[in-house]
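Trainee: Each protein sequence line maps, in turn, to chains A and B. Residue numbering for the first sequence follows this note's numbering, beginning at 15 and increasing consecutively. Residue numbering for the second sequence follows this note's numbering, beginning at 13 and increasing consecutively.
I should point out that these hints are in silico values taken from the structure, not numbers from a laboratory. Fair warning: this is a prediction, and the values are worked out from it, not measured in the lab. Note that the Cβ used here is the ideal one computed from N, Cα and C, for glycine as well. Among these hints, one or two may not hold up.
Said to hold, decoys possible - Pair ranges (Cβ atoms, derived):
#: 1; chain 1: B; residue 1: Arg229; chain 2: A; residue 2: Arg129; range: 24 to 32 Å
#: 2; chain 1: A; residue 1: Trp242; chain 2: B; residue 2: Gly198; range: 55 to 63 Å
#: 3; chain 1: B; residue 1: Gly198; chain 2: A; residue 2: Glu59; range: 23 to 31 Å
#: 4; chain 1: B; residue 1: Arg229; chain 2: A; residue 2: Pro25; range: 32 to 40 Å
#: 5; chain 1: B; residue 1: Ala207; chain 2: A; residue 2: Gln63; range: 23 to 31 Å
#: 6; chain 1: A; residue 1: Ile122; chain 2: B; residue 2: Ala207; range: 36 to 44 Å
#: 7; chain 1: B; residue 1: Ala207; chain 2: A; residue 2: Leu126; range: 23 to 31 Å
#: 8; chain 1: B; residue 1: Ile217; chain 2: A; residue 2: Asp164; range: 43 to 51 Å
#: 9; chain 1: A; residue 1: Asp164; chain 2: B; residue 2: Phe104; range: 38 to 46 Å
#: 10; chain 1: A; residue 1: Ala166; chain 2: B; residue 2: Ser98; range: 48 to 56 Å
#: 11; chain 1: A; residue 1: Leu126; chain 2: B; residue 2: Gly198; range: 55 to 63 Å
#: 12; chain 1: B; residue 1: Gly53; chain 2: A; residue 2: Trp242; range: 34 to 42 Å
#: 13; chain 1: B; residue 1: Leu17; chain 2: A; residue 2: Arg129; range: 57 to 65 Å
#: 14; chain 1: B; residue 1: Glu55; chain 2: A; residue 2: Gln63; range: 36 to 44 Å
Spelled out, the chains give:
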Amino acid sequence: MIPAPAFLSNPERFMAFSRWAAPLFGLIALVLALAGLWLGFSAPEDYQQGATVRVMFIHVPAAWMSMFVYACLGVASFLALIFRHALADAAAQAAAPLGAAFTALALITGSLWGRPMWGTWWVWDARLTSVLVLFLFYVAYMALRGAMDDEAKAARACAILALVGVVNLPVVHWSVTWWNTLHQGETVFAKGGPKLSAVYLTPLLLMGLAYMAAFGSLWLVRIRGEVWRRRAEAALSRLARA
Amino acid sequence: MSPALELLKRETGLAWGRGGGPLVSVGFYAGVATLLPLATGPEPARLAAIAPGAAWTGLALAALLGLDRLFERDYEDGALELLALSRLPLEFTCALKCLGQWLATGAPLALAAPVAAIALGASPALAPLILACALVGGIAFAFTGGIGASLSLGARRGGLLTAVIVLPLFVPPVIFGGGALDAFAGHLPWRAAFALLGAYAAAAIALGPLAMAAACRNALS
Numbered sequence: 015m016i017p018a019p020a021f022l023s024n025p026e027r028f029m030a031f032s033r034w035a036a037p038l039f040g041l042i043a044l045v046l047a048l049a050g051l052w053l054g055f056s057a058p059e060d061y062q063q064g065a066t067v068r069v070m071f072i073h074v075p076a077a078w079m080s081m082f083v084y085a086c087l088g089v090a091s092f093l094a095l096i097f098r099h100a101l102a103d104a105a106a107q108a109a110a111p112l113g114a115a116f117t118a119l120a121l122i123t124g125s126l127w128g129r130p131m132w133g134t135w136w137v138w139d140a141r142l143t144s145v146l147v148l149f150l151f152y153v154a155y156m157a158l159r160g161a162m163d164d165e166a167k168a169a170r171a172c173a174i175l176a177l178v179g180v181v182n183l184p185v186v187h188w189s190v191t192w193w194n195t196l197h198q199g200e201t202v203f204a205k206g207g208p209k210l211s212a213v214y215l216t217p218l219l220l221m222g223l224a225y226m227a228a229f230g231s232l233w234l235v236r237i238r239g240e241v242w243r244r245r246a247e248a249a250l251s252r253l254a255r256a
Numbered sequence: 013m014s015p016a017l018e019l020l021k022r023e024t025g026l027a028w029g030r031g032g033g034p035l036v037s038v039g040f041y042a043g044v045a046t047l048l049p050l051a052t053g054p055e056p057a058r059l060a061a062i063a064p065g066a067a068w069t070g071l072a073l074a075a076l077l078g079l080d081r082l083f084e085r086d087y088e089d090g091a092l093e094l095l096a097l098s099r100l101p102l103e104f105t106c107a108l109k110c111l112g113q114w115l116a117t118g119a120p121l122a123l124a125a126p127v128a129a130i131a132l133g134a135s136p137a138l139a140p141l142i143l144a145c146a147l148v149g150g151i152a153f154a155f156t157g158g159i160g161a162s163l164s165l166g167a168r169r170g171g172l173l174t175a176v177i178v179l180p181l182f183v184p185p186v187i188f189g190g191g192a193l194d195a196f197a198g199h200l201p202w203r204a205a206f207a208l209l210g211a212y213a214a215a216a217i218a219l220g221p222l223a224m225a226a227a228c229r230n231a232l233s
């Protein structure tokens, strides 16, 4: 992972790479998602959950991504804060709404799955609550970014906030677990191998990879958009001075 | 008198006078505690069940009140630049600001917390633990709140933004404090939750000033 940011830290190289990488990742995401959904919907019904078990293929990868994107946000914010790298800041800024979207998707599909399975839309269970707090962190990040006129100051303040979140989120997660637990524990990454039969595990992992590729594609597109926006603003201010 | 003590005196005095100081905070707290029975109904049995938790939530909300002016006032009149130039490290200055905030509003709120809880129907035997939780939790609220207040320097509608940033950070102390009170009311072991609340407050004292000083330097740059 370490050489990748170093290679891509050059904006010219990044723009050349992302020009073909973004559509490629999008294509990969589409193929994987179609395969995953096909396998998911042709899988036999669960003996307990019936057809609703298929919500898993939408819900679980979204929950994985909600945390993975925050990790990306944290790494990008760290690089932006320490090395004052403009591209890293653009990456952090571009990741936040995507992470919030994945988190919202995980919360909404989880709620739709919880209604037939647990008999309730929402319970104050540990995992649900900590994902909700994760969503609040994304909201705070985007609110802070939007409330500042000075972009350089907004960038550094947001990076500090993201790093505060990196320190605090494990504590939140742990404290809420200590507080209450109903959601089932780790199934796929459990000790001694996955506790899930292969007919479900294969489409789930395909969907996980599809989400990952979709995030990669959308992230690159958003970073490119941010780079173009900054270039346009720089050009405008040069024009205004001339 | 040493510069640190002088600064603590200044910060406490400012927090005391800032927009009414402890009087407004305690008044707000009393208002929240009054609204609760009006919303849920006055049956003593129902109120008593949620009284410690309601008193604790109200405390967290009241702790938000003075935060918006904690750094902003010094930022606007230039005092923050002078403080950043002084011989004291900026991290230490930020910690003293939070300590002053806690002395001026956190401690009076802590004294009001047992009164509010008992008025809502909590058992009077709970009062000492509520006071202790409110004192320790108030430190955690002041030091994590300072992070939000310093980060929203220079933002539009900074006060509202501070609340949005700070409330997720309040999750662990609210859980630990509420857990200790709940366990004590149910005759269960409560020391572990109280110790965790103290640990969170200690971590906030240790790490919060680093983030606050970084945010202040950014705002002043």
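Trainee: Does each hint hold? Answer for all of them.
Mentor: Against the structure, the hints:
1. B/Arg229 to A/Arg129: 24 to 32 Å: 49 Å, violated
2. A/Trp242 to B/Gly198: 55 to 63 Å: 59 Å, holds
3. B/Gly198 to A/Glu59: 23 to 31 Å: 43 Å, violated
4. B/Arg229 to A/Pro25: 32 to 40 Å: The hint (32 to 40 Å, Cβ to Cβ) is violated, given that B/Arg229 and A/Pro25 are roughly 27 Å apart.
5. B/Ala207 to A/Gln63: 23 to 31 Å: 41 Å, violated
6. A/Ile122 to B/Ala207: 36 to 44 Å: 37 Å, holds
7. B/Ala207 to A/Leu126: 23 to 31 Å: 39 Å, violated
8. B/Ile217 to A/Asp164: 43 to 51 Å: Given range 43 to 51 Å: violated, Cβ gap about 30 Å.
9. A/Asp164 to B/Phe104: 38 to 46 Å: 27 Å, violated
10. A/Ala166 to B/Ser98: 48 to 56 Å: Given range 48 to 56 Å: violated, Cβ gap about 25 Å.
11. A/Leu126 to B/Gly198: 55 to 63 Å: The hint (55 to 63 Å, Cβ to Cβ) is violated, given that A/Leu126 and B/Gly198 are roughly 35 Å apart.
12. B/Gly53 to A/Trp242: 34 to 42 Å: Taking Cβ atoms as reference, B/Gly53 and A/Trp242 lie about 58 Å apart, which means the hint is violated.
13. B/Leu17 to A/Arg129: 57 to 65 Å: 59 Å, holds
14. B/Glu55 to A/Gln63: 36 to 44 Å: 40 Å, holds
The earlier numbered hints that this structure contradicts are 1, 3, 4, 5, 7, 8, 9, 10, 11 and 12.
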